[in-house]
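Novice: As a plain string of letters, each chain reads:
2 protein chains.
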Amino acid sequence: MADIDFIRDRLQEAASLVATRYAERDQVHVTSKTEANDLLTEVDLAVQKLLVDRIRQSYPNDVIVGEEDGYNQFPEDPSVRAWVLDPIDGTQNFVRGLFPTFGVSVALAEGGLPIAGGVALPLVQQVYLAQRGAGAYRNGARVHVSDLDSLGLARIEIDFATQPDREETLERFARIIVEGGQVRCHCAAVVPLVSIAAGEMDVYLHVSLNPWDYAAGQLLVEEAGGRTSRLDGRPLRLFEKARGVLATNGRVHDAVLQTLRETHPSASPGTRQ
Amino acid sequence: MADIDFIRDRLQEAASLVATRYAERDQVHVTSKTEANDLLTEVDLAVQKLLVDRIRQSYPNDVIVGEEDGYNQFPEDPSVRAWVLDPIDGTQNFVRGLFPTFGVSVALAEGGLPIAGGVALPLVQQVYLAQRGAGAYRNGARVHVSDLDSLGLARIEIDFATQPDREETLERFARIIVEGGQVRCHCAAVVPLVSIAAGEMDVYLHVSLNPWDYAAGQLLVEEAGGRTSRLDGRPLRLFEKARGVLATNGRVHDAVLQTLRETHPSASPGTRQ
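So the protein lines, in turn, are chains A and B.
Position 9 of the first sequence, counted from 1, bears residue number 14 in our numbering, the numbering being contiguous throughout.
Position 168 of the second sequence, counted from 1, bears residue number 173 in our numbering, the numbering being contiguous throughout.
None of these hints come from the bench; they were simulated from the model.
Hints are supplied without guarantee of correctness; some may be wrong.
In this list, chains with the same sequence are indistinguishable; a pair is considered to hold if it fits within one copy or across any two.
[To be verified] Simulated crosslink set (SDA-like; lysine to any residue; CA at most 20 Å straight-line):
| # | residue 1 | residue 2 |
| --- | --- | --- |
| 1 | Lys-38 | Glu-184 |
| 2 | Lys-38 | Leu-158 |
| 3 | Lys-246 | Glu-184 |
| 4 | Lys-54 | Phe-79 |
| 5 | Lys-38 | Leu-156 |
| 6 | Lys-38 | Gly-157 |
| 7 | Lys-246 | Pro-80 |
| 8 | Lys-38 | Arg-256 |
| 9 | Lys-54 | Val-68 |
| 10 | Lys-38 | Leu-153 |
| 11 | Lys-38 | Ser-155 |
| 12 | Lys-246 | Glu-267 |
| 13 | Lys-54 | Pro-80 |
| 14 | Lys-54 | Asn-77 |
| 15 | Lys-246 | Asp-170 |
As the structure is a prediction and not an experimental result, all values here were calculated from the model.
Based on the sequences and whatever the hints tell you, model everything.
Specialist: Here's what the structure looks like:
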């Protein structure tokens, strides 16, 4: 079975489990992780276990990196062949019932780059899939980024993330918030990333994202004709220290980088990039 | 036929039209209104016409106020019995395909207050309805606001609105953005307002909202046990000059007002309230 077919089947299986548990979410057990707003449910753990078990069976030699306990360490060798998983991106939205802004993300990486991957949005029955060099697809139909080329008309997702990142988020992105066409915040990275791939949004910004949040989304954006980078323009590499992420339709990428540089000209070496 | 039954039937009729046109939105004609990001489609106009025609038939003596051309003037007497309509709240999301964040809003007002109203979210087949004093309902089931009482855990919708309001939005709400539990922005007022009514969000803030954006949502929040006000705490009255809107689950309302006062202590008389 080709990797991409394996990914598709896992996404469908996981999406079905997530949709079922969402419908009965009042009975789902919820705890918090690093801080009170960083939620973890038994469903995150069950979906991660499902994905891990299947990968172990079919790819016994591959490394697995996932958002939840036991798998959330970066590999020592960042270039290793690795599966990068987020069982539910947007757990807060899942718990509180904010439809349909959560998704399952599965990517296969080599050399620090995603080479195949996909995102499922369980509540709208959408599965996005991409292979490096072979385009991006939504439910089997090819998707492309928008051709919009003005920041003043762009739909921009600013991810306000968790409290520790809020001041930096406001400081670095204030000018883009003021000058951008439209501002959105769903707080589930997969949603704006697949939306950019499908031409429904144009820009996504986050000061501090983990590889499981963006690995599949990065590939989808790039394969749909868009562009990704760190906030200073350097290329994204999974498992490196830098955590800022910019993804765009490509046409407005340089304009966003320019605005970020002008807002934050004297970034110290310790600043997230 | 009771007013609320008339409203329910109109919302279902409008939602069906919106969902059909959304599916073929590539063929929908789009123009802009006051500025480039303020979009208008033929669907907004068709839905407004549908609603206006039906109201004229059943309530020939009532005033009609709607978002689009021909109906977007406030009545001279703000206490008049009036129908307050937004054919599509979230037109940008409709046009670009950002599911399901747009809705149809219909309210009946008397004495500057909504007394019956509802919101339809066409893509998720949800209709919210409320009558003053009789509770709020989603698809026939009673809904209630959350019982969350800490701003540091609250899910807060900051509506970044259109460009002319962005700097004021950032300035007035920056502290709430930094200190709040979660930040979201869907830019379709009906979505956070029904979400608060259903207990899925806790706070909504906008510096400049029109009555058609919030008339039905205000009633839904209040009838679900929540609270609404201007940004300085005064009660909302449709058709008055003040345009800032705060809606909450009730329990965190005073904490939000207190934070707004501390952020913006010397509000001049010209400042939006």
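Novice: For each hint, tell me whether it holds in the structure or not.
Specialist: Okay, the hints, checked on the actual structure:
1. For the identical chains of this complex, Lys-38 and Glu-184 are inter-copy neighbours only, at 18 Å across copies versus 35 Å inside a copy, given an alpha-carbon limit of 20 Å.
2. Proximity of Lys-38 and Leu-158 under a CA criterion of 20 Å is satisfied inter-copy only: 14 Å between copies versus 38 Å inside one chain copy.
3. Proximity of Lys-246 to Glu-184 under the C-alpha cut-off of 20 Å is found in neither arrangement, the shortest distances being 30 Å within a copy and 26 Å between copies.
4. Taking the shortest Cα distances, Lys-54 and Phe-79 sit within 20 Å of each other inside one copy (18 Å), while across copies they are farther apart (57 Å).
5. Proximity of Lys-38 and Leu-156 under a CA criterion of 20 Å is satisfied inter-copy only: 19 Å between copies versus 36 Å inside one chain copy.
6. When the C-alpha separation of Lys-38 and Gly-157 is checked against a cutoff of 20 Å, the pair qualifies only between copies, where the shortest distance is 15 Å, while the shortest distance within a copy is 38 Å.
7. For the homomeric pair Lys-246 and Pro-80, the shortest alpha-carbon distance inside one copy (12 Å) is at most 20 Å, but the shortest distance between copies (59 Å) is not.
8. Proximity of Lys-38 and Arg-256 under a CA criterion of 20 Å is satisfied in neither setting, with 38 Å inside one chain copy and 25 Å between copies.
9. Within a single copy, Lys-54 and Val-68 get their C-alpha atoms as close as 14 Å, which meets the 20 Å cut-off; across copies the closest is 59 Å, which misses it.
10. When the C-alpha separation of Lys-38 and Leu-153 is checked against a cutoff of 20 Å, the pair qualifies only between copies, where the shortest distance is 19 Å, while the shortest distance within a copy is 39 Å.
11. Taking the shortest alpha-carbon separations for Lys-38 and Ser-155, only the inter-copy value of 18 Å comes in at or below 20 Å, while the best intra-copy value is 39 Å.
12. For a Cα distance limit of 20 Å, the shortest separation of Lys-246 from Glu-267 qualifies neither inside one copy, at 23 Å, nor across copies, at 38 Å.
13. Only within a single protomer do Lys-54 and Pro-80 lie at most 20 Å apart by alpha-carbon distance; the minimum there is 19 Å, versus 60 Å between protomers.
14. Taking CA atoms no more than 20 Å apart as the test, Lys-54 paired with Asn-77 passes inside one copy only; the shortest distance there is 13 Å, against 54 Å between copies.
15. In this assembly of identical chains, the alpha carbons of Lys-246 and Asp-170 lie at most 20 Å apart only when taken from the same copy (16 Å versus 36 Å across copies).
The structure fails hints 3, 8, 12 (numbered hints given earlier, in ascending order).
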